[in-house]
Structures are given as structure tokens and as C-alpha cells.
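Chain B: place on chain A using the hints.
2 protein chains.
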Amino acid sequence: MEFKRLSILGVGLLGGSIGLVVKKLASGGDIVGYGHRASTLETAMRLGAIDRSTTSAADAVREADLVILCTPVGTFRPLLQEIAGSLTPGAIVTDVGSTKRSVVRLAEELLPESVQFVGSHPMAGSEKRGVEFARADLFSGALCILTPTDRTNAGALAKVENFWAEFGMRTKRLTPDDHDRLICDVSHLPHALAASLVAMQSDAALELAGKGFQDTTRVAAGDAGLWRDILLDNADCVKSSIARLRGQLDELEKRLDPSQAKALFEWLQAAANKRSRE
Amino acid sequence: MEFKRLSILGVGLLGGSIGLVVKKLASGGDIVGYGHRASTLETAMRLGAIDRSTTSAADAVREADLVILCTPVGTFRPLLQEIAGSLTPGAIVTDVGSTKRSVVRLAEELLPESVQFVGSHPMAGSEKRGVEFARADLFSGALCILTPTDRTNAGALAKVENFWAEFGMRTKRLTPDDHDRLICDVSHLPHALAASLVAMQSDAALELAGKGFQDTTRVAAGDAGLWRDILLDNADCVKSSIARLRGQLDELEKRLDPSQAKALFEWLQAAANKRSRE
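Protein chains in written order, with this note's numbering: chain A, 3 to 280; chain B, 3 to 280.
Among the hints, a few may not be true.
Given that identical chains are not distinguished, each listed pair holds provided it fits within a single copy or across any two copies.
Said to hold, decoys possible - Below 25 Å or equal to it, Euclidean Cα-Cα: the simulated BS3-like pairs (lysine-lysine) are: (1) Lys264 x Lys276; (2) Lys161 x Lys26; (3) Lys213 x Lys174; (4) Lys256 x Lys241; (5) Lys213 x Lys276.
Worth flagging that the hints you see were computed from the coordinates, not collected in a lab.
This is chain A alone, in the form it adopts within the complex (with noise of 0.2 Å):
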């Protein structure tokens, strides 16, 4: 492994996880974990994802080669303003958020020339919460999506890219644009479906779910904070999946009629084909 120093800022279910493969892949590391709870840091400790715990992020990252952002994006602004002066020089900084454009402008803003920024979005995860669901499997076959700009540094792209794919993942390069229109619709946008689909139900008709509504609501039980901050991060584009929902909803509307049976049909065959290549 690349990395000698790692600080991983936020040790929740993403944050744990990434001590507990790294523990995995090299020995005679060291990593230092960041949180704001003593109990989250001391169970990272007890699971053996972190060596050294500190509620100063500016101390977790003062020796670290790599630093990474695992909190939620909506904290990212004060964050990167609290590490930037303690960083040391050729240090590497990425993070594992959900959206792109806002971190790699903050980034870009807040950190200093000496340190290179690499966006990164690993997509694991799950709706569990906590260092106490942290497992060293949750990346293996996952996408690692990172977002360089003309920016990023070729030489700290590299690293952060073999980085993750030491995980088990595979990596894809995106603009941050790009990522944060493309993830809303097949990750943002079912999130915040989901969320609606469980809102709108009645007690009695809740009572009468099966398999099939368990699947389509099961991320709907995910971080409430997370996903706040998300859906507000990248609100622009979601407004814009949901109004391309809306208009799918208004063509199977049309097809509601005895008279557009084969319309109706077609519709639902595509959707079909469409999901089972998946």
C-alpha cells in the first residue's frame, strides 16, 4: 500500500470500513480516526479500524500521506477550513462523498497549493448506520467513481485511483458535473422515490406489504442527516430527475385506458428489457 499515514475524518459505517481493509492490506500502518463522539471512536478502536483516535480533526491529519473525508457533505465546508493549516506538505486529501461538485470547489477554495485534492465516491454503503456495521467487504465489486479537474495533480490521481481499486473496487473517471447529474438519477432520485413512496402510506396499507415494497422502500431507511445533506447538495439536478420522473408518470398515465393495452404493454416491456440487462 502507497499510503504509510492514513487520517480518516469521520468513522462511521464508510470511515470504519476503510480502517478495517486497510488494517487487511498493510501492516506497520498507521491510522488515526477522527469523530466527535468518544463512543464512536472507542468502538473504531475495539473493532480494530483505527490506531489512534482525536477529537482535533487538525491533529488527525498533521502526519498523515493520505486524508480522508468520510463525514457527511454538508460538514465538509468547516471541515477542510479546520484541517487546511495543519496538513503537511505532498499530503493527498480526498473524500468518499455522495456528491461531487461542491467538495472539489470547496476543496480547491479552502486547501492549500503544498496538498492535492482527488474526488472520490466509492458507492458502498447501505442503510445500516454506524462503525459498528463497518466491514471490510463492503467495497469488494463496488464502483469507485473519482472526479479529477484540470486541477487535480496526474501523480495523486493515480494513487488515489489504485488506492481504492486495492479494495476490490473498480474505478471510473467523471467530470464532477457529470457525476452529480448521472448518481442523482439512479442513486439520488430512487433515495428520495423511496422516501416518498413510504411518506404517502396509510397504516392499513402498510400492513399489507410484501417482498416487492420492501425492496423498492429499503433504502428509505438510510441516514436521515446523510441524505439531507445530499438531496440540499445537489438540489438543482434532483429537482431535475424528479421533474423527468414526473413526465414517465405522465406517459404511463396516458397508457391507463383499455384503448392503450398495447401502448401500456410496450412501456412496461421496455422498462423490463431495460432492468433485467442490469
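For chain B alone, kept in the frame of chain A given last:
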């Protein structure tokens, strides 16, 4: 088992699975399977889901004491017309359709006074189609809704209820109206949403889809012909459910602004809590 001679009209995933369960529960019974494709009937015979087969629905019901309609709901009118004159006096007819108002109305209109109809909806199935996916444990732990009316014979209702209970299902009685309205919210609307969500995706977005998207859209891979029939048959409820879902999206969109962060959190938290209770 109460019934000795069973007629399964339509030996797909559900009809085939019913045959497998009955053969497991009862010895010495006789199951006739009806279908219009010889290859399906042959597979059902080979799997041991039926004892005899015919491509004539009238022949299939001639000696049966329990007849189960397992074809898509759009076929119920011609099917009931075809069997009406061949049913044995005293026979009980039920179905496994996902909508109940229309089949109850058709049965009361088309079947002779000498037989008893009881509407059933065993809430089992999957996005797979065809008898080759039939399983004797398909129904275990699922809910079966029965939809009696003023005209339903109490003895026949109890017998059908016991029949499904022997499959390992919980049973519940609802009016056909309540069934169609409530099941629309937890099953028909989720299918419509999943299909809409798949339909709107670009290839570039689909390439990035992870586990959340796959869970959320799994049902969209289901049989388009079956779902065309369900959505058309229940079109008024589907429209009303879509309208309420749009209302939830309105609520969400109002909160997609930093000034509404608290209201957005509360809306997401309420959905997460409701989903976690499931």
C-alpha cells in the same frame, strides 16, 4: 386437505407452485392443469406440479371440487365464460389475481348459482415468470387476502381460507374495494414507479447503478403482460395513488432549499422511522 380434485387454470409461476404445495400436502388427490401452451403443460407435468393436463379450460374443471384461476386478470372474463357451463354443482372457484373488484363482479355475473366463488390474493410471486421457477415454498410466510362480499357463502369462504392457511400463509379478509385501494399503494404503485425510474435512465447513468438502484427497481423486471392487466384493471386506484405520490414529491421539492434543511431532515427521518418499523 379438504379438496380432492383440483383444477389449476394457468400453470405459470403461481399455478405451478400451488400444484407443488398441494402434491406435498395431500396424497391421493388429483390435479388437472389447464394452459394453452403444450410446452408449459409438459414442464408442469415433469416438475410434478400437476397430474393431468388439458388445453381445454372446460374439460379442466369438469370434475373439480376446487378451481383456481391463475391466469393474468385480463383473461378472467373469457375464462369464466368458458368454464361456467362445465362446473360441478357444489364446486368452489377462487383465483390468485392481484386485483379483486373486477373478478368478484365477473364471477357473480357469470358463474351459475350452483357453485361458490371466493376471491383470493396470495401475495407471493417474484419478478421471474414461468412454471420453471415454481417452488413449493413460494407462499411460506406470505399474506393471503380474501375478499368476501354479501353474496359469499360462509362455508366456502372458510374452506378457501383453510386451504391457503395450509400453504403456510397468514390470511386476512378485506372488501374488494379496500383490497384494490390498499394493494395499489403497496404493490401496483411501487411497480409503476420502478418501471418509470428504469424508463427514464440513460445508458451512462445505468452503468453507474449500484445495489440501491437494483433493490429499488427489481420489481420492474416483472412480466409486462401480467402488469399491463393489473394496471388497467385497477386504473382508477393507480391514478389516485400516483396523484398522492406526486403530492409527496411536491412536499420534498419545497424542502430542497438550505432554508428548509430542518424540515427536509424531519421528512426524511419520518420516512426512515416508518420504513424501519416494517
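Here is how each hint holds up against the structure:
| no. | hint | result |
| --- | --- | --- |
| 1 | Lys264 x Lys276 | within (18 Å within a copy, 37 Å between copies) |
| 2 | Lys161 x Lys26 | within (19 Å within a copy, 59 Å between copies) |
| 3 | Lys213 x Lys174 | between (33 Å within a copy, 17 Å between copies) |
| 4 | Lys256 x Lys241 | both (23 Å within a copy, 10 Å between copies) |
| 5 | Lys213 x Lys276 | both (21 Å within a copy, 16 Å between copies) |
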